[in-house]
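Peer 1: As a plain string of letters, each chain reads:
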Amino acid sequence: MDTRLLNDLKKLLGADMVLHRPEELLLYEYDGSVETARPSCVVFPQDKAHVVGIVELSNRYKVPIVGRGAGTGLSGGALARHGGIVVGFSRMNRILEVDAENQRAVVQPGVVNAELSAVAAPLGLYYAPDPSSQKACTIGGNVSENSGGPHTLVYGVTTNHVLSLEVVLPTGELVRLGSEAVDSPGYDLPGLFVGSEGTLALVTEITVRLMRLPEMTKTLLAIFDTLDDTTETVAAITSSGITPAACEMLDGWTLRAVEAYVHAGFPLDSAAVLLIDIDGIREAAESQAEEVAEVCRQHRAREVRVARDARERDLLWKGRKNAFGAVGRFSTTYYVQDGVIPRTKLPQTLRRITEISEKYGFQIGNIFHAGDGNLHPLILFDARDEKQLRGAVAAADEIIEFCVEMGGAITGEHGVGMEKDRLMPLIFNEADLEVMRRIHDAFNPTGLLNPEKILPLKKGCGEIYSRPFPAAGTASA
Amino acid sequence: MSLASKTIGSRLPDIVGSAHVINDPSQLVFYEVDGKKPDVAVRPGSREEVADIVKFAAAENLAVIATGARTKLGVGLPPQRYDVALDMTRLDRVIAYDPSDLTLVVEAGHSLSKLLGVLGDHRQFLPLLVPYFSRTTVGGTIAAGVDSPLRQHYGTARDYVLGMEYVTGEGVLAKSGGRVVKNVSGYDLHKLMIGSLGTLGVIVSVNFKTFPAALGSRGFVATFETAESAVEMRHRVACSTLTPLTMEILSPRVADLFSSETAARIGTGPMPPGVISAKHWALTSGYSGNEKVLARYEADFRRMAEELDAVSATVLDENTRPPAFSRKREFIPIALSASPATTIMKISVLPARMNEILAQVQRAAESNSLHWAALARGIGVIYLALLPQERNEVAGDRVANTTSQILAAAAKLEGHATIPWAPSEWKGALEIWGLTRNDFAEMQKVKRVFDPHGIMAPGRFVGAL
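Here the protein sequences line up with chains G and U, keeping their order. Residue 228 in this note's numbering is what sits at position 224 of the first sequence, and the numbering runs on without skipping anything. Residue 1682 in this note's numbering is what sits at position 464 of the second sequence, and the numbering runs on without skipping anything.
If you are wondering where the hints come from, they were derived from the structure by calculation, not from laboratory data. These figures come from a predicted structure and were not determined experimentally. Even glycine gets a Cβ: it sits at the ideal position worked out from N, Cα and C. Some clues are possibly wrong.
Claimed, not checked - Here are the simulated distance ranges between beta carbons:
no., chain 1, residue 1, chain 2, residue 2, range
1, U, VAL1247, G, HIS86, 44 to 52 Å
2, G, LEU217, U, THR1444, 39 to 47 Å
3, U, VAL1336, G, GLU307, 50 to 58 Å
4, U, THR1444, G, ASN433, 55 to 63 Å
5, G, ASN433, U, PRO1670, 19 to 27 Å
6, U, HIS1671, G, GLU290, 54 to 62 Å
7, U, ASP1527, G, ASP103, 44 to 52 Å
8, G, ASP386, U, PRO1670, 27 to 35 Å
9, U, PRO1670, G, GLU290, 29 to 37 Å
Stated by the list, open to error - In silico DSS-like cross-links for lysine-lysine, where the CA-CA straight-line distance does not exceed 30 Å:
no., chain 1, residue 1, chain 2, residue 2
10, G, LYS14, G, LYS52
11, G, LYS462, U, LYS1663
12, G, LYS66, G, LYS52
13, G, LYS52, U, LYS1254
14, U, LYS1564, G, LYS66
15, U, LYS1273, G, LYS52
16, U, LYS1630, U, LYS1254
17, U, LYS1645, G, LYS462
18, G, LYS66, G, LYS139
19, U, LYS1510, U, LYS1497
20, U, LYS1427, U, LYS1564
21, G, LYS139, G, LYS322
22, U, LYS1273, U, LYS1630
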């Protein structure tokens, strides 16, 4: 890369805040997806003035720039698809304010998701969106991807919890979007920028809503002998009038993998389990837990266990949240998909995934947010075999196409990034995409900020998707 | 006949059929916005017709205002231009409703109350219990961004609108989001349409997440000598583990408004006597659940009210709650009918600042000799009705003084305020959309993308967008 740019960056940030040697860059080729892309350098701003300075340099040298939190994203959002500067926010990791009176917090983008809830807990508060990677992922990354998590079923995803943002636009301007008090007059700019996958601005400060910790949480484990009974139970709970705080499904293969790793007490011989949280005041949680248990039994649950204490509850959830790590013990590589379907279509969709698994000859595990209809099929394959890699992508595409056929969407919480831009035409026509392109171009006219993410290249402009297959990551990544 | 109306006259009947083009001035008066009448009103019957009309308007540089039940045309700045009223009420179908999935797709012109009836048959609902409830349309409610008492628990439309189809200011039919409850595919452009007052395009249909109907619900009302005590009760509830569906603080004069003839007409049944009084501040809160849950709420609320020396504490049951709830829902129309010159401010502050802003409101209104009433939502949104007795220049000056004092006070407290409803002739002297915001340049970028020719409700929105 241009040594003058490198020197300018070092002058701005200090030499130790700029990585550029190949061995230093290796880690930043990856995120949690199966894609890779190598940046020219990685820089670590420590305050918003640094971020403004970096954006100005990117403009002056016409070099792409990509924001990065913890690199746990699953769609390549934080990868430098066209090289350039990766802006790592790990040094901007301060919780600036926890305002218990107004149930909100002001944080820098590099704050780790779980840390905010840990800090707020003594005040009886927590930050609701809880991606499975919450011990590592950052709030800034969550804002970019509009991340979800198991407990977003009733409380909503990141966008429902962000009150305002301070951002650096691709022009280098620092702007506050929205306001501290609710209902900021004018267009809902935070609503547009949350989930824009780092293509409209770099976020430097976030004001989030904190929720009151519930008085009681009941955790149920419902055990089933068939997949169909399990998926039908989810639809029945959804329409029963009770919205659990979380409703997760693990299929038999996945829970055996998890049990071998976590020893949470998952039954080894079952077809699937539902892990359900119900929270609220004691009087509500107790009766609703009983009602949900009854719905499970009506749908032929073999057994419904209720966690007796916090330790049992934590163990069950540890199994859920560490599932991907557990699967890593069984396969060198896996590909996590992220489709969404109406909850009523769960039975036929799970059956279809089984067929696709048989057709391509891959083990596919299912561990997902059943209550939202947000699927996470895990396709196990060996990335060293080019044929297997192509097969895994084809199988994944077939699953997503089926989700769309069922009236669903191509991604529920992982983002489009560089993984699914080519799939966007499955759900959006050219007119839909053109409005999105114009919004992109209005804020990011040079296209230097996180280039070629989300939006597919226009048809007929001579370029085709240049990387038809994701490169392989490893399961331990 | 203006040049515009001649052009319109020749083309619009081709698009929608002449039966759906209105040129009669006695009919057009119903589409007036701040005293401006359109040259024509047109009633499309399909989304394609909406797109064709807007495409034609863009080509002819005609200004378009989309309308539903026309209940909120008074909101915002007077339009700079207004040629075509685009009456959406013929687009009134439920396109898809999957009760088991709790999702719904409905056209913009559908009556909101009728929609709630459809959902009610499946023991479901939408938390959009908003002002003008019996008349308003889905599209008008979403475009005007009005809120509901239920936002305390369910949030606002941005929290349960899953996607949308709309026609841009260039007449392009486009969509964003989807029909599933969790989705991050593409930019959330529909969030921009919510509350945009028709300045970005025309909402054609809306995808919603629906909710199971609340079980037996009740209300609790406590009255207090001072605003501070009512606000303190709000804080105590917020710091408890209770999760009520609604929570409002009512200023003393609200009792007069709620016993008015208009309130009797709009409200569901008579207001239960003695629950609120014109001498006291009130805190009201609704909650639902089984008998045990209801008993817990009642016990906790009664204890909190006693600790704060409440003057009275009343539990509203399934018979007495609806009259009280419907009046809170209809606070704006009730207040508008109470004076020929009612001016409504919407003030947002952090909840911890509610005492200060309510004190400032009282000081500003009373120093300008204005009657006033306030309904403050627990999350920090205050609807303030300024109630001058006459609609004349003196009253206009008083309202202008009062609102500018309150705008400044809200800004000082890191909040903001707007003046959604005011007599048309006063609007020029009022900061209708509040003080200029630092993200205005970004809003202009959004406006240029959706409406590059500036034909959609030009001038009505923030910063005359």
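Peer 1: Find the hints from earlier in the document that the structure breaks and name them by number, from lowest to highest.
Peer 2: 1, 2, 3, 7, 8, 9, 13, 14, 15, 16, 17, 18, 19 and 22
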